[in-house]
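S.K.: The chain contents come next:
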Amino acid sequence: MKPIKLEADKQTIHSLLLMLLLVLIIYVVADFIVLEDMDRNIALKNRYKIQKTLYGYIVQNKKHLQGEMEQYKDIFHYEATKEGKEQMAKLLGEFGRDVDIKELSEKKEEDVLQRRYEVHMLIDSPKAFYDFVQGLDKEGLVAKVEWPVQFVKRGNEISMEFFITLYTPVIGASSSSKSPEEVEEP
Amino acid sequence: MGLNNCIFFDSDNQFVSKKELKDSSFIHIPHDKWYIQIPYKVLNQYRAAHTAQKIISPLTFLYLMYKKEPQAHALYILILDEHIYMVTFQDETPLFTKIYALERVEDLASLIESYLHDFYAQPESFFIEKIIIFNFKEDCFLLPHELEERLLLKVEVRQEGLDFLCDNSQVSQFFLNIPEKGKKLHLSNRFIIFVGVGILLLLAAADIYFRYTSSQYSQKVRSLLLAQSQVANFNNEAQSKLLYFQKMAPLIRTIKEHNAYISTRIQNLFDQIPPHTFLTFAQFSKEGVELKGASSQKDELLSLDKKLAKTFKHHRLILKKSDGWYRFHGIYKEMSDEAD
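One line per chain: the protein sequences are A and B, in this order. The opening residue of the first sequence carries number 0 in numbering that gives the first Met the number 0; numbering runs sequentially from there. The opening residue of the second sequence carries number 0 in numbering that gives the first Met the number 0; numbering runs sequentially from there.
Chain B on its own, in the form it takes in the complex:
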């Protein structure tokens, strides 16, 4: 592991990609033509467990070593406390990358063999001529010639200081320095927008509800006012009519009876005129009636006079015969109580 405030991100939870993923749960560390992707969650946990401010990916370290002194057909290996990182490069891009968990240093040769086996299975693989090893594991002592004998490849073990590398300003771009705080803020921005939009949507829904119910109430009030106006008009008319009747009803009823009485009285008298008698004059008054006319039959006239005499207290009939007709003039006054 590195010293002081610069450490490796010693984890197998990091991936090489030739394209930048759109997944926001990953941190993307751009290199020239490729990216290292690390889940935020894993990186944050790692940061929380270590006090160092500068964290660099082992893959970045190997890439920087490769760029510093490019070896075309070489396998770059970095040994850390937890894992071994093996990368082959082609045109400044990792061609084949493997991260192994290191349990025993003795397993290193077999891990390299495993890597080579997998690497040669790749269609774009090439023949590895040299192995360059950077060892940062404190209790690990490598014997290059033993490895060379077993693998039949040239093995070179290099010593490199991590702090010295980290102090290089050009390296700072590769630090896993997207801070946890920034991520939180990023999330909180989204949360703020989410809450804000939520509140606005609620307000919009409330406003729609208020407008809808307002229009409903407005319509109800309008129809209620119309109904009120109709009923009130009826009431006004009824009230004025009621006032009228309260004042006039006795008079109206009296007049109604009086008119009916006049009409009936006149009608009754005319109905009594016999068939051979006709009237030329008839005057009805409150007290009596005065009749003038002629009849061809005297008996009829006398009979009429007799009938009318029953109705009136006073009566007088004057008869005059002329041209075969009995002209008469009858005056009847003061109606008897029975007739009344």
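Only chain A is shown next, with the shape it has when bound in the complex:
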């Protein structure tokens, strides 16, 4: 009788120990690996949904802005630049020689900086001047050619003199470096 009972008890203990071991392994695997991965999965899924919604808003905003920009289609190439004088000098150099630009005055009106220059240069024909004026528009330079414009014949060249005012928006120039929409880095 006794050996039978002992055998049975031994088996029961083995079974219980085995069950305990398996429960422990399952708990460790589930808690430390699977649940952690599941939490990460849920977090990523939620993040994806949020980012998708956010992306939808940004795209909607883009369409709205594109619609707004339509009314400025004709002057879209005009840009707020701080290097207006350098750009202008470069443009003058393309059409004339011995270019001399003198800054006469500077003033600010309604957050727009106005710098007035006197320009001297040598050209081969008045066409160079017309091309220069066209160039101002092409380059998108907000520069107004001022009266008087003077042409003096010097041998085979024409010496010309005129005034030009460059307009630079103070707020516009600084706002271009701002980022109204902050995007989270990946």
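Honestly, the hints are just simulated from the structure, not real lab data. Everything hinted at is true.
Example chain A residues on the side facing chain B (calculated, C-beta under 7 Å, incomplete):
#, residue
1, Ile57
2, Lys61
3, Tyr129
Residues of chain B placed beyond 12 Å of chain A at every Cβ, according to the derived structure:
#, residue
4, Val41
5, Tyr45
6, Ala48
7, Glu91
8, Tyr119
9, Ala120
10, Pro122
11, Ser124
12, Gln158
Source: prediction; values computed, not measured. By construction, the Cβ of each residue, glycine as well, lies at the ideal position given by its N, Cα and C atoms.
Chain A is already provided as a structure; the job is to place chain B on it using the hints.
M.R.: Quick look at chain B alone, frame taken from chain A:
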């Protein structure tokens, strides 16, 4: 049958084997060089039907009897209520074993004959000299001399107590005592392992799924952030440009028109200069224009002056002839409304 708590496993569902089978559905009772194999199911059913704790195989009993007093060329027979067990031994191993269902005691002689017939057909058989019978069937009375006459063999009927045998501690190893409970536990261990491994596999599959979908989402989020960043950059630029245009558009458009006007006005005037006339000085102002130059033909100059006079309200032309050239100085002021 045995008395009290020790009984025979009276069933033909038991087999002699010289090797231990790997089949786990059988209980294996090892003897010196051989085994008795009994299906668990049959043994459990048998245990369930009987209250006795100790169960011994009839084949084990015959083997123990043989070992107690070995008879080389003897046939050992055990008669129980349901079956008759016949075994011949050689070198402590059953050589030929047969279990017959016993319906009538009168059939015993013919069953022995049948056994002997089958036994002698075996290649390793030997000549049986003696038959030793153990009778545990209560209503069975054997007459050895009748059997001897019919079989022409020496027959010995022995009486042996089963309980006395079962109380021997050396016999306990042959009890069919692998308990049903143990078998169940054995099965339940396998079941626990099966379930445990199953759960672990499910967890592993779930983890693989989570990791795979996580990497997919991670990739999607990365590409979404990149796209967001690109669109946001565009929006930022567009917004700052929009601010710029909201402020500057009227001014830009005015300047654009003004510059085009200056250029056109100057170009128009230069285009009007006749072929025999050249300019040495031209100054354009908001109000008018001042021209200096020379011409070989006076008519051309007068014609030019006449044209310009249509454009400006006030005009004055000074002509001076020198070296065959008409040097001129023209001043034109206040543009007429038509020209403007």
